[in-house]
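Trainee: Below, each chain spelled out in residue letters.
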Amino acid sequence: MMTDDDMLVGFLDEAREHLSTIEPDLLTLESNPKDQETINRLFRSVHSIKGGAGFFGLETLSKMAHVMENLMSKARAGGLTLGQTHIDALLSGLDKLNQMVAEPKTSNDIDISNERDHLESLAEGKEAAAAPAPTPSAAPATPAAPVPPPVAAPAVVEEAERTMKTSEFDLPQKEIEWVAQHDMNLYAVSVYLNRDIMSKGKTPYQFISDLEELGRFVDSYLDTDDAESLEGDVDEEDLRFTFVFASIMAPAVAAEGLAVREDQLQHLKLAEIKDGKVRVTLPAKVPKKAAPAAAPAPVAAPPAVIPEPEPEPEAESDALPLSPPSGMGSSKVLDTKKVKTDESIRVGVAKLNKLVDLAGELVLVRNQLLQAGEKESKKSSSLMSILQGLNMVTTELQEEILNTRMQAVQTVFGKFPRLVRELGRSLGKDINLVTEGGEVELDKTVLEALSDPLTHMIRNTADHGIEMPDERKQAGKIPQGKLLLKAYHESGQVIIEVSDDGRGIDGDAVAASAVKKGVLTQADALTMTDREKQNLIFHPGFSMAKQVSNVSGRGVGMDVVRSNIEQIGGSVDLRSKAGQGTSLKLTLPLTMAIVSCLIVESEGQRFAIPQVNLEELVMLKPEDYEEMLGYVQDREVLRLRGDLLPLVSLAEGLGIKESQPKAYRTFLRQLNSQQAADERKRSETKRRGEERSDPRPYYNLTDKTTEGKRQEAVRVLIISVGINKVGVVVNSIVGSEEIVVKPMPEYLQHLTFFSGATILGDGTVAMIIDTLGFVQHNQLSLTEQRMQGRSLEQAKKSVEEAQSLLIFDNGTEERFAITIPLIQRVDEIELSQIQRVSGKDYLEYRGEQMRLLHLSDYLDVGKPEKRSEKTSIIIPKETHMPVGIVINRVIDTKTMYIDVSEGAIHGPGILGSTLIDGKITLLLDLYALLELGEPDALHRVHFNESKVKASKILVIEDTPLFQTIVREYLSSVGFEVDVEENGKLGVEAIERKHYDLVLCDIEMPVMDGFDVIRTLRANEKFRDLKVIALTSLDDDKLIKEGLAAGFNEWMIKLDKEKMLATVNQYLN
Amino acid sequence: MIEFQVEGDRLVCLPVEEIIASNVPTMRETLIEHLDEAKDWNELIFDCHKVETLDSIGINLIVGLFKRARVAGKEFRVVGCNPAMVKVLQLFRLDEQFPVEAQ
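Order-wise, the sequence lines are chains A and B. In case it helps, this note's numbering puts the first sequence at residues 1 to 1068. In case it helps, this note's numbering puts the second sequence at residues 1069 to 1171.
For the record, the hints were derived by calculation from the structure and aren't laboratory data. Be a bit skeptical, because a hint or two may be false.
Said to hold, decoys possible - Here are the simulated DSSO-like cross-link-like pairs (lysine-lysine), alpha carbons at most 27 Å apart as the crow flies:
(1) K1155/B with K1107/B
(2) K1142/B with K165/A
(3) K174/A with K1155/B
(4) K1155/B with K1142/B
Claimed, not checked - Quick list of simulated restraints, FRET-style, between CB atoms:
(5) G1076/B with D170/A: 34 to 42 Å
(6) D170/A with D1077/B: 35 to 43 Å
(7) A180/A with Q1158/B: 42 to 50 Å
(8) D1077/B with I345/A: 22 to 30 Å
(9) E1085/B with N114/A: 56 to 64 Å
(10) E177/A with E1085/B: 42 to 50 Å
As the list claims (entries may be wrong) - To give a feel for the contact side, a few chain B residues facing chain A, derived at Cβ under 10 Å:
(11) L1082
(12) V1084
(13) I1100
(14) K1135
(15) K1155
(16) Q1165
Cβ atoms here follow ideal geometry from the backbone N, Cα and C, with glycine treated the same way.
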């Protein structure tokens, strides 16, 4: 049995369905105001909502619908033409309806006065509307007063076929008192037996009984005056039943409750009928025989209380014919109606979900049975065919069940015409929204998750993508911008494209904005391709708008769009061409319940990786190691067709301990230790001043171990996440399978690298890898990871700590960089000016003899074959005597955050290497170079040798470049140096081990320098420990604060001499 | 189908099927035919005791029959009505125009 609540839920469902059609219909009317069919549909939708709402006591909802209906009713009768003002008012009314249907419980508290007043005044023609509204002037409430026929509009001619009829009642005083006592409303109603009762499949008795449930008949009569005798056409005859009805129903809903049109009903005011005499005038059909005479005649103006008569009497009866041509005809009509109602039934989504789950379980059991059955089938031949049958039925069953949850994309697309219309108006742009493929179906859950991201994308496109009409004209485009929303199938997935013909995305502007916002460093920006720059719009906290506008600045960024899409197993691809437009392509799975996956094995466990994220599989043979493996930015990388992809083993990435080291790992380790050994060897060679025995460049790794060749092949999955790709090493690949996703239990949901689990055919459980989670968890991105997980504060800091670099070449293929603060000047010289004295080159420079150093003489770098006549020199700062370093030419200067990859390229005079503009650039250690080439040029700080040997220094520093430089400087003098990358680790190290001196950075993640010094000074044990702040923050206030907090000294970074002098001072 | 009985100057019409749209045309033809043939009656009795349902077209038939009798200056009465029919005829105030008797 249905409870009231069930019925209310049913009504709300229905109301939502109606609401979803109202908006597109209104927009259709805006472009085609005369579309009668649409007006009728609109009217019916609003009308149904009004009726239902009244029944359930949702008065405000009912009122709102009522005034909307009134306006539409006028439009329907041809009384007015809907212009933009009307549509606007109706749309704002629609918003209120939506709001109230969404929150039925509080709907009566919602204020609709503005919308209502506006609609009412429009309906009354008080407000100037965009279109003229030829409303007939009010006439007295008397029967048909003949007026000259108006200039005929079709609606008006129809109008002429109708007339009014006055009925009189003499109500018993007793009844009137009863009505007053029970606080009831009194209505006079007029219905026709055929048109209003028969056509709804009711007998008069049923009609009466239905009404008696809503109130009581006070008086009534059947008008038989015009009835014909038996010989007349009684089948065609339609008698008028007029009655006075008492009910608690409010006037706004009475017509709906009584199943009559508004104009068939008149609300009687008790005060006016105290004597029981009632005289009402209600519309009447012109008697058939009188019809010809009525044609040229009177337009009846309705009494003021009664809304305009409607030209289409069947509106209430869902377009059933006014009166059936014959008895048979009518039952036929009824049959059709019956069939229609049986075509679909409402089923709760929860029920469907349960079915989907069960079908999933069935599939899993089927898979297991198939595997088990295959062995058995050899014994029993019939078993296999039974299994095959089961297999087929199960597959089909699952497909069908999944189909029940499929909905057309149009349900989401449908709301965009209005959005675009409003965006266009508020932004002053002319936007033409074109939707294609609305019939493409997607799983309900996918569709629901799609709604918000799509809305945001469309907002963005309208706001940023499409230009103002003037701008478009100047660019040679038509003033109207086009926004295309297109859905289609492609290789088993659904693609939704949002594209425009707007200005496109300017990668450089995006990057500049990102740098300004601190989500990106200048350095990162410079190494990015245009596509990567455009894709920055997907970064958290990024918004392109110069000013946060109402339109797109709603606190949701494209990052949320992307993560929402990825959460439902889809992906977003951005393509944009400056000046030509932008296209966002969403690739979506048809359903989230079944995922096509590659099953892989790692450390004896099986994992499922969604195919959608898989780019390719790479088999790495031992002979490929050397070519394809390496270190960049301290990470293992895979070189694949010119790209460098981060490489991680699946097990390691998931935190599973590997039983035995992977082959390629051994290779990489050897590579590393070999490099280290080579370095040691080289530096020893240098110190002894011997000729270098090994002339090959330090990054040449051809010295391959024979062991490496014995290692087995490695399987690498290339996984794409956003525009990034990573390589994931697995032990073996089992095969691909359509798996049924079982969601993660709540207590495991914090494991972001799994998206769910599944049961495989052999009964084992396999976890499904969430590729996005996996990549983020392992920070697997060469260019983007620096931004991820980094707060704005930290991001700002990295800009502050960015290095100004002078980038140059030396006439070879190598590129070099030196930090600019160490350089005094760069100058151009002529080769002919160089003088060679006892194997050393000198130049007369500003009146002094300047020693010239050639990089290739001291460093493991290539020697230029030939120098041009004019060449450049770099003159370092703070040397005792003038020294110049000969280079070929300066390429660029850049300020960037540097990640020195020590592992890959490292050597005497080389701090490390980094990628600049995609090229490996060697970072020169200027002091080391001077020490090698012209040691006398350096100011030397004289350390007490025994002190040096006994002293241990801790450097707390998060920036890899500074870690390297400071450690190099200190160890070059002979100190034992430890480095920790943040304050917390630093303090832990201090507690663990004795240090004579601590050099501490200020801006650091986890725990900054201030916290370090406060922690240390709070501990008696470390109250006297010498701690020097070593920072690039040069701010008087901060320095004061730092010294007050307990730093022994505040030192600005990167002056080697000063640093060594200070260290020396504190150690003595 | 309608059965006819003559009881003195009364002509009794006994519909043996529902008085609804699908049956009314036939009923009407039968009635016209029979009333024309049998001219000696003074009172027309429409006996509904075999009728369960009366629809709008059925009402038309009864009203038409009443008018026909009145035009001829004859009496008309509806008898054997089930409570539903009585209620409808009363609400339509037809009982003020001709006698309506319950079963």
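Trainee: Looking back at the numbered hints, which does the structure fail to meet, lowest number first?
Mentor: 1, 2, 7, 8, 11 and 12
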